[in-house]
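With these hints in hand, go ahead and build the complete structure from the sequences.
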Amino acid sequence: MNSNFAMMNNYLTYKSKPGILSWLLSTDHKRIGLLYLVSMVVFFWVAVTLGFLMKLEMLTPGKTIVDAQTYNTLFTLHGMIMIFLFIIPGIPAVFGNFFLPIQIGAHDVAFPRLNLLSWYLYIIGGLFAIVSLFLQGGPIDTGWTFYVPYSIRTTTNVILPLLGAFILGFSSILTGINFITTVHRLRAPGMTFFRMPLFVWALYATAWIQVVATPVVGITIVMVIVERVFHVGIFDPALGGDPILFQHLFWIYSHPAVYIMILPAMGVVSEIIPTFARRTIFGYKVIAFSSLSIALIGYFVWAHHMFTSGMSDTSRMVFSLLTFLVAVPSGVKVFNWVATLYKGSIELRAPLIYVMMFIFLFSIGGLTGLVLGSLSTDIHVTDTYFVVAHFHYVMFGGTAIILFAGLHYWFPKMFGKMYNEKVAIWATPLIFIGFNMLYFTMFILGYLGMPRRYWSYLPEYQTLHIISTVGSWILVAGLVLMFGNLIHALLKGKPAETNPWGGVTLEWTVPSPPPVENFEKIPVVENGPYDFSTINGETNGKN
Amino acid sequence: MWQAATDYAKSVDNVMLYIIAISVTLLLIVTVAMIYFVVKYQRKKHPVAKQIEGNKVLEVVWILVPVALVLSMFFYSYDVFKIGRKVPPNAITVKVQAKMWAWKFTYENGKTTDTLFIPLGRPIKFLITSVDVNHSFYIPAFRIKEDAVPGRENYMVVEPKEIGSFDIACAEYCGLNHSLMYSKAYVVPENEFSQWLNGEVDDNFLRKYVASHTGGYKDYLTGSYAILFAKGCVQCHSLDERKSIGPSFEALGRGIANVSFMGRDTSINIDKNYIRESILYPDLHIVRGYEKIRMPYSTNLLKEEELSYIVDLLYTNFVKSKQ
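Taken in order, these protein sequences are the chains called A and B. Quick note on numbering: this note's numbering labels position 398 of the first sequence as 398, and the sequence is numbered without any gaps. Numbers given in this note's numbering equal positions in the second sequence, counted from 1, plus 1000.
It is worth saying that the hints were derived from the structure and are not from the lab. Keep in mind that a hint or two might mislead.
Claimed, not checked - Part of the chain A face toward chain B, derived, beta carbon under 8 Å:
1) G62
2) I104
3) T154
4) P243
5) L245
6) V332
7) F335
8) I346
9) T384
10) L448
11) Y454
12) W455
13) F532
Glycine included, each C-beta is placed from N, C-alpha and C at the ideal position.
Written out as structure tokens, the structure reads:
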């Protein structure tokens, strides 16, 4: 394709095939990124609605709006959709697909067709879960963790959603393989590993987890299905199996999966802060290596989900110790991000405000993780609302808030339009206040002994539940405002400049929206990723 | 609800305080520094950034200090945990069997109950298992839980240091009525416990004993409502207007109940017959706004004279008094 052609066609308007097919059959990494974005936002709002209903039910002890069976279905679906269809594909599927090739100076990912297949597998997996809702037996009620023997014995539709998760696993593995190969093979001339933006480092570390850990859950799911269908004793003690084995296999994947969810978000933070502080990141190599060490240590902490399952005390000790150690690289990242603000030239724009919100919420999430890594306190608060609060601070306060930050950061680049920044900023106090009312109360509830996955509760917990439910209303209002603002910008936004924030990574050198082939000519990279000397006109940049 | 009824529970609270104190300090440092930098180095006041690529000393400090901090947390917490796992030689054993959705406790002499009675100041080793799916035996006031897993026998040790009654909850999701799988642990002096174990006194004696030694529901328990507590009615039916799992007794005072009867919505006059039927056949009339939940042990729990007593009690104190 000649360069003129590429320059004349931005990726949004370019037509390779008639009508909608030019999107559905596109192998362009940017279009696939948007396909993921649209489908993920849809799933996100479905799961938000389910969560909203759950909180309504929690307004009073006993029945408020739904019966116990419906509530059990609600939290199962809320968890499954949020985890498998939103947070896990999340940032890599949207921003990774869109910006990984551009940030390393490539035309596309290494395997564009495989990339499209990944999206189709994602959609098919999601459809399996949706179809199961309407079949005889009713929607799945096992919780997203599918613990056996309950998942073997319940009469609800377990097999279809499990198959869905199995297929989604392949989507995740293929994306991982694609990203690893892209990073190794398609870097532009001069783009050495230590000149890669930290977002690319984070995606790279994540991709390895996806490839290595996901097969374990795939196999585990197949075993559950085999056990349900053919009554082969694997996990159910009534058939001669071991339920603890299931928990081990499940968490061997699902704990590293937590890092699949959070590492890319950390990468986005490392992009946004330098741009708005106009200075190089503090401790580039430390941040890059902390991603790798999180990915590595993250494999060896899974059983901290099982401190009360009846494991030997020695295993509990070892997993507790390792869990404490995995907290350190995350902490180090936070320190480096804050240090990057030191002596910067800081412009407080919408994306940076979301990042600041992230640092506060994620720190609370991380620090309360210490309570859960610690044996004696975990045994009290595990399987209570404390855990629910903790993972919402990490996953929502962490990953989802950064997904929003990334949306606001890269929106002008992706769509070539600018949103109303005032509205975007006004949404943040709503989200912040609603979030903390909703989830901080859960820390207290948990320490007071309120177990999770409870349709009803003891009356003395009601006050805190009411605060929490009201918080959910404020939070949803903030989310509506934020998404509404972005949708409005899609339709009526002003055209965006090539580089509205003054960023220096490669995506800010191509037009907004980028042309189909990204670069007219593959750039030659001569600097590290956060070299602001040209923008600042400085000569004494280095010290 | 904020009780710490064992020495172990108090130690766990101390570990919690230690971790929280360090966490709050770190959170404050990070947040204050972040906001301070954003204000101080705003572009208007500080137009040109200083390009600082890192600082080896700082990096080493903020790797090593957190490592030291988390190691201190680990060792402190592990020490407490170890004490909690030790089985003292004078421990008595109580077997805990979970099923969907009730607890069964078996004592050393073979006696079984669905409410837990344990002696004060004596270590108790629970041997915990399940007959169906996973459950988790959780006593928040003791800060301890252990999963009940079919095919396995897990253990947990407690040494109660307070007379009282404490909630037992199921903490591992186990299906439909997971959230209703509550029971109580009554801690009584060893002497009363042995009398009870040998059949010299009954459950209600211990309940009353506990009630008279704790402030809580003393009046109710020693007064005319004692039976409603003893039989567990008030766990789901409150004595005041509070909405709970089942309709409150107070609501009987309205004289009329809006119910679903044989699938049709209707109103029914509340009389002794209605109360009696509702206890014997809880599924017959479902009060609007409530779920059809199996009222536990409704048919076998009450002897005929107890049933009549309760019917009279509810009618006299809640229905008639309002007319």
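Now the hints, each set against the structure:
The beta carbon of G62 (chain A) comes within 4 Å of a beta carbon in chain B, closer than 8 Å, and the hint placing it at the interface holds. Nearest Cβ of chain B to the Cβ of I104 (chain A): about 21 Å, over the 8 Å cut. The hint is violated. For T154 (chain A), the interface hint holds, the least distance from its beta-carbon to any beta-carbon of chain B being 7 Å, beneath 8 Å. A least Cβ separation of about 6 Å between P243 (chain A) and chain B falls short of the 8 Å threshold, and the interface hint therefore holds.
With a cut of 8 Å, the hint placing L245 (chain A) at the interface with chain B is violated, because the nearest CB-to-CB distance is about 11 Å. Interface restraint check: V332 (chain A) against chain B, minimum CB-CB distance 6 Å, threshold 8 Å, status holds. Contact between F335 (chain A) and chain B, as hinted, is supported at the beta carbon level, the nearest pair being about 5 Å apart and thus within 8 Å. For the restraint placing I346 (chain A) at the interface with chain B, the shortest Cβ-Cβ distance is roughly 5 Å, inside the 8 Å limit, so the hint holds.
Checking T384 (chain A) against chain B: minimum C-beta separation of about 7 Å stays under 8 Å; hint holds. At a threshold of 8 Å, the smallest CB-CB gap from L448 (chain A) to chain B is about 5 Å, leaving the interface hint in force. With a cut of 8 Å, the hint placing Y454 (chain A) at the interface with chain B holds, because the nearest CB-to-CB distance is about 4 Å. Because the smallest distance between the Cβ of W455 (chain A) and any Cβ of chain B comes to about 5 Å, under 8 Å, the interface hint for this residue holds.
Checking F532 (chain A) against chain B: minimum C-beta separation of about 7 Å stays under 8 Å; hint holds.
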